[in-house]
Every structure is written in C-alpha cells, then in structure tokens.
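Asker: As you go down the protein sequences, you meet chains A and B in turn.
Be aware that the first sequence starts at 1, since it is given in full-length UniProt numbering, and climbs by one per residue.
Be aware that the second sequence starts at 1, since it is given in full-length UniProt numbering, and climbs by one per residue.
Keep in mind that the hints were calculated from the coordinates and are not lab data.
Just so you know, even glycine gets a beta-carbon here, dropped at the ideal spot from N, CA and C.
Mixed in with the good hints there might be a few duds.
[What the hints assert, rightly or not] For lysine-lysine, the following BS3-like pairs were computed, each having C-alpha atoms within a straight-line distance of at most 25 Å:
#1 A/Lys94 - A/Lys48
#2 B/Lys203 - A/Lys149
#3 A/Lys147 - B/Lys203
#4 B/Lys185 - A/Lys121
#5 A/Lys149 - B/Lys177
#6 A/Lys81 - A/Lys121
#7 A/Lys48 - A/Lys69
#8 A/Lys174 - B/Lys202
#9 B/Lys204 - A/Lys94
#10 B/Lys203 - A/Lys254
#11 A/Lys212 - A/Lys174
#12 B/Lys177 - A/Lys94
#13 A/Lys94 - B/Lys176
#14 B/Lys204 - A/Lys254
[Said to hold, decoys possible] Some, not all, of what chain A presents toward chain B, calculated at C-beta under 7 Å:
#15 Pro93
#16 Gln141
#17 Phe143
#18 Thr151
#19 Thr155
#20 Thr166
#21 Lys174
#22 Glu207
#23 Ser208
#24 Leu211
#25 Trp273
#26 Glu275
Below, each chain spelled out in residue letters.
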Amino acid sequence: EMYMQYERVGADVTMKCGSMDWDAAVTWTANGTDINESHLNGSYLILKNVDLSQSGHYSCYEGSSWHLKYQTYLRVGTPPKEPVLMCRSNNYPKGFYCSWHLPTPTYIPNVFNISVIHGTKEMVCEKDAVPKNRCHIRYLQLFSTVKYKVTLTVTNALGKNFTTLTFDEFAIVKPDPPESVVAKPVPNNPRRLEVSWQNPSSWPDPESFPLKFFLRYRPLILDQWQHVELSDGTSHTITDAYAGKEYIIQVAAKDNDIGTWSDWSVAVHATPWTEEPKHLTTEAQITETTSASTSSFMAPPTTKICDKGAVVGSGAVAVCWTAGLVVAAYSVLFI
Amino acid sequence: GDSWGIFTFLCAALCNLPALPALNCSEELGAGQSIQQTYDLTRYLEHQLRTLAGTYLNYLGPPFNEPDFNPPRLARAERVPSATVDLDLWRGLTDNARLAANYRAYSRLLCYLRVLDGQVGTAELRHRLAHFCASLQGLVLSIGGVMSSLGYPLPAGPAGPPAPPGAPTAPNDFLKKMDDFWLLKELQTWLWRSAKDFNRLKKKVPPAVVTLRLEARGF
C-alpha cells in the first residue's frame with residue numbers, strides 16, 4: 001500500500017518503516033536509489049530541513065529478505081500565501097467575473113473555493129473551464145445599493161488562506177479595450193490621420209450603456225502623448241499630426257457614467273499622407289531599363305490636383321509644379 | 001407617537017410641490033434636448049452628492065464614514081422606492097414608466113432630504129444640503145418638463161405620509177443614522193441609474209416626433 005505525505009519546506013521529516021521495530025535492519029531507497037545509512041536513526045529515516053528536491057518515492061525494505069515493508073510518496077511544499085483576487089465587469093450589465101492566483105507557488109495541489117454574497121443572498125459563481133482560475137456571475141438585479149462580498153479560500157495539505165473583496169456593482173465596471181483599431185492617412189492632407197475602431201465585442205449593449213473613448217497618439221520620435229476624449233462615435237480625425245512622421249496611436253474605452261477606463265488597445269502605427277518627392281522625368285530616366293525603377297514608379301499624387309480640367313501643355317505643367325511647391329513648402333513649415 | 005406625527009406633518013408641508021407647468025424652454029427645444037439636459041443634471045448632482053455624502057457621513061461619524069462599511073439592510077419599511085430592478089424588467093419599461101419612476105423617486109428623496117436639512121447640526125452641512133436640495137428640485141422639474149413635453153401625465157405628488165402610519169421612526173440615535181446612511185445610498189444609486197435611464201430615453205425619443213406633437217398641440 002502506498003502512502004502520500006505532504007511536508008513543509010524546511011521541516012524535519014521522520015519516516016517509520018511501517019510496523020518494523022526501531023532496531024530492525026532495513027534499507028531505505030529514494031526513487032529507487034539506496035539511501036546512505038547516515039540518514040537513518042535505527043530503522044527510521046530522518047530527513048532534516050527538507051527542500052523541494054527531496055520530493056519523491058521512498059521505500060523501506062527489510063534488511064536480509066528484501067521484502068518491501070513500507071512505501072510513501074513525499075511531496076514537499078508550502079502552505080498557501082494570501083491569494084490574489086480580482087473581480088471585474090467587462091460585460092455590464094450582464095454580470096462580472098472574478099479571477100485569482102497565488103502570489104507564490106506551493107508545489108503541492110491547491111483547492112480554491114469562492115463564495116459571493118450579496119446582502120443576505122449567496123450567489124453561485126460558475127467556474128470557467130478555461131482559464132481554470134476564473135468564475136463568472138450573472139446579475140439578477142441592476143442598480144443595487146448593497147455591496148457584493150467575494151471570499152476566496154485556498155486550501156492545501158499544509159494549510160489554508162483566504163482573501164475578501166467587497167465592492168459596489170458600479171465600481172468594478174471596466175470594459176475590454178476597443179477592437180479593430182485602424183489608422184489611415186488622409187489623401188492630400190499631410191497633417192491628418194483618420195482613426196477608427198469598434199466597441200469591444202464583450203460589451204453586450206452599447207445602445208443602452210454607451211461607451212466613451214480616450215485616444216492617445218504621438219510621433220514615434222517623441223515621448224509626450226496627445227490626448228483626446230470622445231463622448232461618442234467610433235472614429236476621430238487627428239488634424240495636428242507632424243507631416244511625414246510615423247505615429248503610434250491607441251484607444252481606451254469606458255462606460256459613459258460608471259467604472260474605470262479599459263486598458264489601452266493594441267497600438268497601431270500610421271504616417272500622414274505626404275506628397276511623393278517629384279522625380280525629374282528626363283528622357284534619360286525614361287530610357288533607363290532597370291526593372292526595379294519601372295515597377296516601383298508611382299505617379300506623383302499631385303497629378304490629381306492637375307487632373308481637374310488639366311490641359312496638356314506647358315501652362316498646365318507650370319500649375320502642377322507650383323502646386324507641388326506649395327505643398328512641399330507647407331510640409332516643411334510644419335515639421 | 002408624537003415624533004411620527006411631526007415627521008408626517010413636516011413631510012406633507014415641505015413636499016407640497018405645486019402642479020408643474022410644462023417648462024416653456026424645454027418645449028421650444030424639444031424633448032430630445034431636455035432629455036439631454038436632464039441627463040446632464042443627474043451627472044452634476046452625482047458629482048455634488050459625492051462631496052455632500054462625504055461631509056455628511058463624517059458628521060455621522062464612524063462607522064458610517066468608513067469606506068468598507070457594509071451593513072445589512074434592516075427590515076424596516078423602505079421609505080424610498082429602490083432603484084434596484086430586475087434587468088429585463090428595466091429594459092422593458094415604457095418611456096412613461098421609466099420617467100415616472102424617476103420622477104416619483106426624486107420627489108420622495110427631495111422630501112426626505114429637506115427633513116434632514118432641518119435637523120442637521122453644522123452650518124456648513126445645512127448650507128450644502130440646501131444647495132443640493134435646490135439642484136434636486138431642478139432635476140424633478142426637469143423630469144416633469146420632459147414628461148409634459150411628451151404628453152405624459154405627471155405622477156401624483158407625495159401628498160400622504162410617505163410610510164404606512166404606525167411605522168416607527170428610528171427609535172434611537174444609531175438607527176436614525178442608519179436611516180440617513182441608506183437615504184444617501186439610495187440617492188447615489190438613483191443618480192447612477194438615472195444616467196442609464198436617460199441614455200436609453202435619448203436613443204428612443206427622436207426630436208422629430210416631439211415637433212409633430214408640439215404642432216398638434218398648437219404651439
């Protein structure tokens with residue numbers, strides 16, 4: 001018959017060889033390897049100040065007959081420290097979830113038990129399959145004056161611990177970050193970037209529970225963020241971007257009235273539209289046959305300006321050039 | 001006993017809100033605009049309440065001013081209609097019912113706050129309470145205005161005694177403080193609920209509909 005025993009790190013462990021007398025001749029093995037007699041006190045195995053590496057399978061055999069007299073599985077671990085508990089409603093008004101973990105591992109199996117009390121009622125927090133250290137609760141009532149009290153108890157063979165959270169319904173509301181954030185340059189506008197995003201998919205009812213948003217952006221080369229708070233809509237045009245600089249942009253969401261801001265969304269990068277530098281299309285360049293240049297040649301965007309009622313001729317070309325120069329000057333001015 | 005009678009009299013006297021004329025300005029702007037204004041008012045009041053509640057709870061002293069204070073709700077007659085509501089029920093409320101619930105709740109709350117005003121000790125607290133009551137009165141009028149402009153009848157005012165006669169007022173100082181604590185809690189919860197109520201109303205009442213109604217009524 002195999003026993004299982006749990007001992008604390010640093011404890012002194014004495015293993016008896018079953019019903020054998022103290023003065024019987026025995027041999028102990030640890031994971032199949034003989035243990036030196038120096039660790040024995042008679043037929044008892046003494047392990048002082050045990051550490052994690054001493055976890056394993058211990059067997060005791062009668063000296064001459066080599067009969068197996070006793071075996072045990074030793075697991076060295078620690079009693080649980082106070083667990084870390086967090087509760088959050090990212091799907092208001094449907095309900096909330098709580099998730100937990102231990103600040104340090106115990107190295108032995110732990111059992112978690114969660115209880116949720118609302119006033120006098122005990123509510124059931126349904127455990128999620130994945131991740132395992134999480135459970136969710138559906139609100140039965142909204143706009144409650146009574147707080148929720150969540151108690152998490154963790155127990156293992158060496159001890160137990162617990163922690164409690166008490167909160168109001170509205171205090172734990174924190175949406176997930178906005179999704180599908182997209183930032184695009186605006187054609188012919190060197191200082192603009194068009195940003196759009198979507199409500200987080202976990203937010204069930206943006207109609208009755210609208211979200212407001214916080215946008216932050218900065219050019220990669222600077223550390224200071226610009227901020228814009230938006231009370232509705234899921235898009236915004238930045239109009240003061242530095243021309244030609246790559247920007248990093250993020251968005252956060254919050255219920256219009258209650259709770260806290262979400263984490264920042266995934267960052268998106270975008271650079272405002274710039275006029276393509278004009279290539280002097282001399283005869284020589286056109287006759288160049290490098291495949292690279294011909295395949296990557298793009299008509300300069302200024303042709304659009306000139307396209308409107310463009311008349312082929314030197315006059316129109318002069319207009320194009322002027323327009324190009326003006327745009328270039330404008331960009332340089334605002335770098 | 002005696003104190004109950006005084007309480008009832010005080011409430012009846014202070015709560016005799018006159019029949020509300022529909023606010024001219026809200027009709028001109030349309031219900032959509034005044035719903036927005038009412039929403040803004042609830043947010044403003046919520047903000048004001050935070051300061052007022054902090055001061056008042058400090059006045060009540062511990063344990064009422066402790067952030068973790070989470071007492072059980074005693075089985076006393078609840079004086080104010082609670083903001084707490086079943087989710088599906090709340091969703092399914094008609095515009096009229098939604099507005100009426102808010103109107104009734106704030107009328108009652110205003111009434112109780114005014115009684116409180118007469119009882120508190122410090123001048124600072126009296127001043128804050130008076131200011132808050134004035135703002136709360138504005139909110140009640142604003143909700144009334146929205147209801148009128150949408151053609152809904154105003155709910156009957158809190159004329160009679162707010163609780164069934166014979167129900168005792170707090171028999172001791174501690175329980176009286178508990179009552180005050182819960183009053184502030186209900187007020188806070190209503191303000192937070194109203195924001196959601198008016199959000200919903202904002203989406204459901206397009207100004208165009210109201211303009212038609214106004215024209216039909218000869219404005």
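Asker: If a hint holds in the structure, say so; if it does not, say that too.
Answerer: Each hint tested on the structure:
1. A/Lys94 - A/Lys48: violated, 54 Å
2. B/Lys203 - A/Lys149: Judged against 25 Å, a Cα distance of about 34 Å means the pair is violated.
3. A/Lys147 - B/Lys203: Roughly 30 Å separates the two Cα atoms, so the pair is violated.
4. B/Lys185 - A/Lys121: holds, 19 Å
5. A/Lys149 - B/Lys177: holds, 23 Å
6. A/Lys81 - A/Lys121: Roughly 28 Å between the alpha carbons, so the hint for A/Lys81 and A/Lys121 is violated.
7. A/Lys48 - A/Lys69: holds, 22 Å
8. A/Lys174 - B/Lys202: holds, 23 Å
9. B/Lys204 - A/Lys94: Since the Cα atoms of B/Lys204 and A/Lys94 sit roughly 21 Å apart, the hinted pair holds (cutoff 25 Å).
10. B/Lys203 - A/Lys254: holds, 19 Å
11. A/Lys212 - A/Lys174: Measuring from Cα to Cα gives roughly 12 Å; hence the hint holds.
12. B/Lys177 - A/Lys94: violated, 34 Å
13. A/Lys94 - B/Lys176: With a Cα-Cα distance of about 35 Å, the restraint between A/Lys94 and B/Lys176 is violated, given a limit of 25 Å.
14. B/Lys204 - A/Lys254: holds, 22 Å
15. Pro93: With a closest approach of 6 Å, the A/Pro93 hint holds.
16. Gln141: Holds, about 5 Å.
17. Phe143: holds, 4 Å
18. Thr151: violated, 13 Å
19. Thr155: Interface hint status for A/Thr155: violated (25 Å vs cutoff 7 Å).
20. Thr166: holds, 6 Å
21. Lys174: violated, 16 Å
22. Glu207: Status holds, d = 6 Å.
23. Ser208: holds, 5 Å
24. Leu211: Check failed: Cβ of A/Leu211 comes no nearer than 11 Å to chain B, outside 7 Å.
25. Trp273: violated, 36 Å
26. Glu275: Violated, because the Cβ-Cβ distance from A/Glu275 to chain B comes to roughly 43 Å (cut-off 7 Å).
In the structure shown, a violation is registered for the earlier hints numbered 1, 2, 3, 6, 12, 13, 18, 19, 21, 24, 25 and 26, in ascending order.
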